[in-house]
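Student: Heads up: the sequence lines are chains P and Z, in that order.
The numbering of the first sequence is UniProt numbering, which starts it at 1 and goes up by one.
The numbering of the second sequence is UniProt numbering, which starts it at 1 and goes up by one.
In case anyone wonders, no lab produced these hints; they're calculated from the structure.
It is possible that part of the hints are untrue.
[To be verified] A few chain Z residues facing chain P, derived, Cβ under 7 angstroms:
hint: 1; residue: Tyr-46
hint: 2; residue: Arg-48
hint: 3; residue: Leu-62
hint: 4; residue: Gly-146
hint: 5; residue: His-162
hint: 6; residue: Val-202
hint: 7; residue: Phe-204
hint: 8; residue: His-209
hint: 9; residue: Glu-222
hint: 10; residue: Leu-230
hint: 11; residue: Gly-232
hint: 12; residue: Ile-272
hint: 13; residue: Gly-321
hint: 14; residue: Arg-335
The model shown is predicted, which means the values in this text are computed figures rather than measured ones.
Ideal Cβ positions, reconstructed from N, Cα and C, are used throughout, including at glycine.
2 protein chains.
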Amino acid sequence: MTYPLLNRLRVIESSAFIAAPLAGLTLAQFGADVIRVDMIGGGIDYARMPRMPHPAGKGRSLYWTALNKGKRSIAIDLRQAEGREIVQALATAPGPEAGIFLTNVGTPWLAHDVLADRRADVVTCTIQGNGDGSTAVDYTVNCATGYPSITGGGSAQNPVNHVLPAWDIACAYQAAFAVVAAVDRRRRTGEGAQLQLALSDVAFTTLSHLGVLTEAEVLQQERPSLGNHLYGAFGRDFATADGGRVMVAAISAGQWKALVTCCGVSDDIRGIERRLGLDFTDEAQRFEGRDAIARLIEPWFAARTQAAAEAELERHRVCWGRYSSVRELLQNDGRVGADNPVFERMTTPGVGRHLAAGTPIRVAALTREATEPAALLGTHTDEVLHGVLGLDGAAIGRLHDAGIVAGPERDPSVAA
Amino acid sequence: MTYPLLNRLRVIESSAFIAAPLAGLTLAQFGADVIRVDMIGGGIDYARMPRMPHPAGKGRSLYWTALNKGKRSIAIDLRQAEGREIVQALATAPGPEAGIFLTNVGTPWLAHDVLADRRADVVTCTIQGNGDGSTAVDYTVNCATGYPSITGGGSAQNPVNHVLPAWDIACAYQAAFAVVAAVDRRRRTGEGAQLQLALSDVAFTTLSHLGVLTEAEVLQQERPSLGNHLYGAFGRDFATADGGRVMVAAISAGQWKALVTCCGVSDDIRGIERRLGLDFTDEAQRFEGRDAIARLIEPWFAARTQAAAEAELERHRVCWGRYSSVRELLQNDGRVGADNPVFERMTTPGVGRHLAAGTPIRVAALTREATEPAALLGTHTDEVLHGVLGLDGAAIGRLHDAGIVAGPERDPSVAA
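Extracted from the complex, chain P is given alone in its bound form (with noise of 0.2 angstroms):
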């Protein structure tokens, strides 16, 4: 779903993988018209995995799909001046709305002085790798930014990467934020911008805002590897009877309390702090006293059905939460379905019937607005050409017959 809030800003999108695309939608599910622009028959992200079966290959990218609902799609030949020039022309037009342009793919023929000359209030926004313009990937980040030595029973010779591209995640909704706020910026002065975020810099920027950096350069220590306690305080995951698995966490006194009195343990911890010396009332004591006290209540969960432990748990407001597959989330979990306002089902071509997220925030009194599936590749290109850049039938004819443009891909599920 999404919100009319941005006043059908226009962004030109060219990208790929996860970033720009990411930051794409963003805009988009607040209501920018974001039209993406893309090679006739699709640039280095379009069939990444996983995708739909199909005997030919030629299934739809779930991956594509998903980073690209809510926004036009047009197809153009980039090799090509006049698809270039095709390019720098929606980037560039006019109204208070239009001239912005979101990459991640750092063409130079859309760098930001080549479109500033065209439009000298353009805002553009490049997502780099590194801020030097050499390449980096999610993956090449994160090993460098001590986390894989520290996750799960990581260790510097043995170092766990996570899975999620969280950096990338980060990027894309920096990004949003620096293009809405320059859009502002330009309501206000006139002027544009160019904003250039690189992917190692959200990294090891949000290491810094999140204390880890003057740890280790004020203290001169590294964070220990924990397993799945996390730090600082108490949590960790437990077994069920049955072979299940939850997480809970005792952060604040609060959380802390509903936990001891939730596993009926009180007289037990009193003895743990006497033993080691510790007040676990303070969080940073539970962190240090974790083992004595997971110990602890290791049986408790052990003894019941997770069914039963998580009545008692939410019984006592424990903070806790439910280790499942992402099967057993979308059955099982209220949060994930088209019953919280957040998410809705769509029909993507060539995908099928299916939810799909939209914006996570909430935003009361305006009315969300369905969101349009991702488009086959191509299928706003004449309305694009002729609504933006106000060409006529026999000028996107022409295009058409040079090979410059292209329309609508076939829907691969439909038989030909």
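For this one, chain P is given, so just place chain Z on it according to the hints.
Tutor: Structure of chain Z alone, referenced to chain P:
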């Protein structure tokens, strides 16, 4: 470093932990005047680990000081009606740049409707655990996403929690985006906005945006647990002769060709392709043959020191990254340090001199301004009461005398 991009937008923040403080920091780094309101003596997150050493345990939190750079601090007794009234007045103070309230605390007397009664066009952004207002934290949300079952060597029976609070971070940057979009809209329409953002919605919508939900729903498949392999193409970590470790990624065709050339394995790769009936120019087939590829190139890394391997990877333009601890990152990686303009050095009271990050976003032609370090609690109490609410010295003095507000706390590193 901060940019004067947001025209001194004034944001009142009542917050704890990561999501709302990091959203406020993001706004501050784009030039917003963020005033964090805290209970006299500090809120629930004020002593969160890691902390500076101190004989009486009063060392400042490196977590809190990292997340609250560049903000002003006012200390108020929030249990007293008059204290609450001051916070309400701050959040709804007049002016086109004011009337913005950011929270993840969920206090009823700071609910949107209460504030909108005082200023109809107030913009509020409330970060919650779950959309129904119930509690959830990063750890109890992440366990439901399916990621712990596929991170590292994780499984449903032995899930691996990642350590990075990725959902808090994503939530923070989404919140900053939403606030700026709503303020931009307020400028155009005169209307305020009640924004709500749940941590679990951020996580589950992101799963949808990455195609993970649709994969499970439409294809009825779960991602495999991959150890340190990346999904959908080729990439993994490799050990060097001297105990180092590098991550390589071959997602694009160019990256794959570079890796094969660098490791000198073109002929062997063709042999594996024939044997397995795969075509590694297709990224999905590289993923299918990942184990054979990894075994083939392991010896190349094992035969070289880290320095030698890195030099050759770089020369061949392979997409690679080095595993490092945080201290190694600070010492050896030029991307983290004062030579990178997204970083600066600052002196934080109670902490000392250290490196700190500004916004990762580079805005060409705008001058970065130095970031103020995290203030001692209550440092700006008087100037905020005077500058924002217009109170005179006598009124401010009375509030101090009545214990309703407090001035700067003592710097714990300075002898009494």
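Student: Next step is simple, just say for each hint if it's right about the structure.
Tutor: Status of the hints after comparison with the structure:
1. Tyr-46: violated (11 angstroms)
2. Arg-48: holds (6 angstroms)
3. Leu-62: holds (4 angstroms)
4. Gly-146: Hint holds; Gly-146/Z Cβ to chain P Cβ min 4 angstroms, cut 7 angstroms.
5. His-162: holds (4 angstroms)
6. Val-202: holds (5 angstroms)
7. Phe-204: Check passed: Cβ of Phe-204/Z comes within 5 angstroms of chain P, closer than 7 angstroms.
8. His-209: holds (5 angstroms)
9. Glu-222: holds (5 angstroms)
10. Leu-230: Cβ of Leu-230/Z sits 5 angstroms from chain P, so the hint holds.
11. Gly-232: holds (4 angstroms)
12. Ile-272: Not OK, violated: Ile-272/Z not within 7 angstroms of chain P, min 20 angstroms.
13. Gly-321: holds (3 angstroms)
14. Arg-335: Holds - the Cβ of Arg-335/Z comes within 7 angstroms of chain P, reaching about 5 angstroms at its closest.
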